[in-house]
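Asker: Protein sequences, first through last, are from chains F and P.
For the first sequence, my numbering assigns the number 400 to the last residue and increments by one with no breaks.
For the second sequence, my numbering assigns the number 289 to the last residue and increments by one with no breaks.
For the record, the hints were derived by calculation from the structure and aren't laboratory data.
All residues carry an ideal CB built from backbone N, CA and C; glycine is no exception.
Keep in mind that the hints are not guaranteed to be accurate.
Within a straight-line C-alpha distance of at most 25 angstroms, the following computed DSS-like cross-link-like pairs (lysine-lysine) qualify [unchecked claim]:
| no. | chain 1 | residue 1 | chain 2 | residue 2 |
| --- | --- | --- | --- | --- |
| 1 | P | K105 | F | K83 |
| 2 | F | K156 | F | K220 |
| 3 | F | K220 | P | K105 |
Taking CB as the label site, the calculated pair distances span [what the hints assert, rightly or not]:
| no. | chain 1 | residue 1 | chain 2 | residue 2 | range |
| --- | --- | --- | --- | --- | --- |
| 4 | F | G130 | P | L170 | 46 to 52 angstroms |
| 5 | F | R345 | P | G110 | 38 to 44 angstroms |
| 6 | P | V192 | F | D358 | 56 to 62 angstroms |
Footprint (simulated), chain F over chain P, 3 or more residues, beta carbon under 8 angstroms [said to hold, decoys possible]:
| no. | region |
| --- | --- |
| 7 | 38-44 |
| 8 | 114-124 |
Residues per chain are reported as follows:
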Amino acid sequence: MIRVENVSKSFGSFKALDGLTLHAGEGTVLGLLGPNGSGKTTTVKILTTLLSPDNGDARIAGHSVLTDPDLVRRNLGLSGQYAAVDEKLTAFENLHMVGRLYGMNRRTAAARANELLASFRLTDVAGKRSGTFSGGMRRRLDLAGAIVARPKVVVLDEPTTGLDPRGRLDTWDVVSSLVADGTTVLLTTQYLEEADRLADHIAVINHGRVIAEGTATELKQSAGTERIDVVMRDAADLSAAAGVLERAAGLGLRAEQDPQNLRVSIAAPEGHRLLVRVLSELDARALPVDEASLRRPTLDDVFLRLTGHAAAAAPDSGTTEVLTPEKARVPA
Amino acid sequence: MSAITAAFRDSSVIARRNLINVLRTPGALVTGIVQPVMFVLLLGFVFGGTLGGDQYRSYLIGGILAQTLTFNASFTAVYLAKDLQLGLIDRFRSLPMSRVAVILGRTSSDLSTSVLSVAVTLLCGVAIGWRITTGPVSALAALALLLLFAFAVSWIGAVIALTARSVEVAQSLGLVWLFPVTFVSGAFVSVSSLPGPLRVIAEWNPVTAVATAARDLFGNAAPAGFGAPGGWPAENALLYSVLCSVGIIAVFAPLAIAQYRRISKR
Numbered sequence: 069m070i071r072v073e074n075v076s077k078s079f080g081s082f083k084a085l086d087g088l089t090l091h092a093g094e095g096t097v098l099g100l101l102g103p104n105g106s107g108k109t110t111t112v113k114i115l116t117t118l119l120s121p122d123n124g125d126a127r128i129a130g131h132s133v134l135t136d137p138d139l140v141r142r143n144l145g146l147s148g149q150y151a152a153v154d155e156k157l158t159a160f161e162n163l164h165m166v167g168r169l170y171g172m173n174r175r176t177a178a179a180r181a182n183e184l185l186a187s188f189r190l191t192d193v194a195g196k197r198s199g200t201f202s203g204g205m206r207r208r209l210d211l212a213g214a215i216v217a218r219p220k221v222v223v224l225d226e227p228t229t230g231l232d233p234r235g236r237l238d239t240w241d242v243v244s245s246l247v248a249d250g251t252t253v254l255l256t257t258q259y260l261e262e263a264d265r266l267a268d269h270i271a272v273i274n275h276g277r278v279i280a281e282g283t284a285t286e287l288k289q290s291a292g293t294e295r296i297d298v299v300m301r302d303a304a305d306l307s308a309a310a311g312v313l314e315r316a317a318g319l320g321l322r323a324e325q326d327p328q329n330l331r332v333s334i335a336a337p338e339g340h341r342l343l344v345r346v347l348s349e350l351d352a353r354a355l356p357v358d359e360a361s362l363r364r365p366t367l368d369d370v371f372l373r374l375t376g377h378a379a380a381a382a383p384d385s386g387t388t389e390v391l392t393p394e395k396a397r398v399p400a
Numbered sequence: 024m025s026a027i028t029a030a031f032r033d034s035s036v037i038a039r040r041n042l043i044n045v046l047r048t049p050g051a052l053v054t055g056i057v058q059p060v061m062f063v064l065l066l067g068f069v070f071g072g073t074l075g076g077d078q079y080r081s082y083l084i085g086g087i088l089a090q091t092l093t094f095n096a097s098f099t100a101v102y103l104a105k106d107l108q109l110g111l112i113d114r115f116r117s118l119p120m121s122r123v124a125v126i127l128g129r130t131s132s133d134l135s136t137s138v139l140s141v142a143v144t145l146l147c148g149v150a151i152g153w154r155i156t157t158g159p160v161s162a163l164a165a166l167a168l169l170l171l172f173a174f175a176v177s178w179i180g181a182v183i184a185l186t187a188r189s190v191e192v193a194q195s196l197g198l199v200w201l202f203p204v205t206f207v208s209g210a211f212v213s214v215s216s217l218p219g220p221l222r223v224i225a226e227w228n229p230v231t232a233v234a235t236a237a238r239d240l241f242g243n244a245a246p247a248g249f250g251a252p253g254g255w256p257a258e259n260a261l262l263y264s265v266l267c268s269v270g271i272i273a274v275f276a277p278l279a280i281a282q283y284r285r286i287s288k289r
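Required output: the full structure, derived from the provided sequences and hints.
Answerer: Here you go:
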């Protein structure tokens, strides 16, 4: 349904896309994950015919952006980084206008607008100017605008950037329901949690090319195994605790100590069993534990490892400090 | 549906959107209303005394109309530049709609500002003694000519917006050319009073032709002491101003559309 074949695009000497290739099957969600400036928005602009590629081709529902841009536009809905709503227009007027621009007559456009307002829980505010809406409501209205003509493909460029947690959850629900209806979605995001939650298939891009792809699970597996983290009460117990962890894990695995946070951690292939053993052993030796957890690698780990942005994210300790789930970036 | 019907339909959808915006931001119209009033009063009473009194004030109205409508091109420049910066424009570009609609919708809806400016100028004129001395047909012809001219210069504003690509630049670029174009003309003074080269420019300036044609159609004579305007453009002011308007549209509309296509491919 979405095919991007070897697309390159330069702006002057800056290579925004460098031989990018992506595929998404019908009814799936492809997550495009990458830091700022990695080429996500350029990809979106090429897919939505706002930019033409220097090389390569992109197809939406079989139509090439190069030769049939108008057919591409007919099969595609875009919800960009900045909600594309007219603030002076009411929610209804916004959707009605988009329907008319898709070539619907007044009546059909009005009926479709009302239908969308209902399914996006905006009926109560249909007559209010969208400028008065919260970020989440505006985003919902924008998403509704993207699917006015029931496109086969919806492209969402960072749909939750700048939303509060409530708005983010709202947006996720909307995306999930789109997919349930069989729409193919391309979603760009900087948020691993979002890609993890919504995407069937994730392509990690950096410097305009794909550097890893697969399902969320596959990508996480590539980042390594589960780890056990134990936070001790006393710094003095750290070495003893490390010894306990190493003996329990066996296989010659080394525990890593983080004195600053009183934490010891170790890779744990059979984590949940090991955790029980470690805790009873520490208890038996009267080494007081503040906190113990089993941590699966997150997409953060994958992302940071692949893009080399780990240095920027955790520049301090020479130890194994990796982002914890609590520290995982959450949209503000 | 043919491409042309689609273009008109889409443009009318956009124009409607623009008009709703105008109605809900009435403050934006203040300049369009205040400026003609200000110029009528300033020129009519500051310069009017030495230039011919009541007769000059009556004569002035045609000039103020031509000047005000030219200035309205800056509204097109600013509002189109604003539109181009909105996220909305990406939505429009990703829709299977006519590529002309965003601009044609804008230049069409900006006519509403011009209608308002004309109405305010004329009311103001009536208050200071301006009258139509011909008939209703002539007067309507004058209004039609003025709006055609306003529509034409609005395309210049569109090209400025599409070239500037930022509201600030569009705002300053949209204003600078207006002063020489409207002042080196017969809008406020007799062209024959201008020195050599300026006089030739003023004689062929479309603003002069529109002002002269409007005065002819409304029947407002020049004050005594104003040299009679000479040359072909003055003698055929109506024809020349229609030709200029059509010419401006013929040059600037394709330019604007080409520029719109180009920036959407960047």
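Asker: Now tell me if each hint is right for this structure.
Answerer: Checked hints:
1. K105/P to K83/F: Violated: K105/P and K83/F sit about 29 angstroms apart, past 25 angstroms.
2. K156/F to K220/F: Violated: K156/F and K220/F sit about 29 angstroms apart, past 25 angstroms.
3. K220/F to K105/P: 31 angstroms, violated
4. G130/F to L170/P: 46 to 52 angstroms: 47 angstroms, holds
5. R345/F to G110/P: 38 to 44 angstroms: Once the Cβ atoms are compared, 55 angstroms apart, the range 38 to 44 angstroms for G110/P and R345/F is violated.
6. V192/P to D358/F: 56 to 62 angstroms: 59 angstroms, holds
7. 38-44: Coverage by chain F holds for the region 38-44 of chain P (4 residues, Cβ < 8 angstroms).
8. 114-124: holds (count 8)
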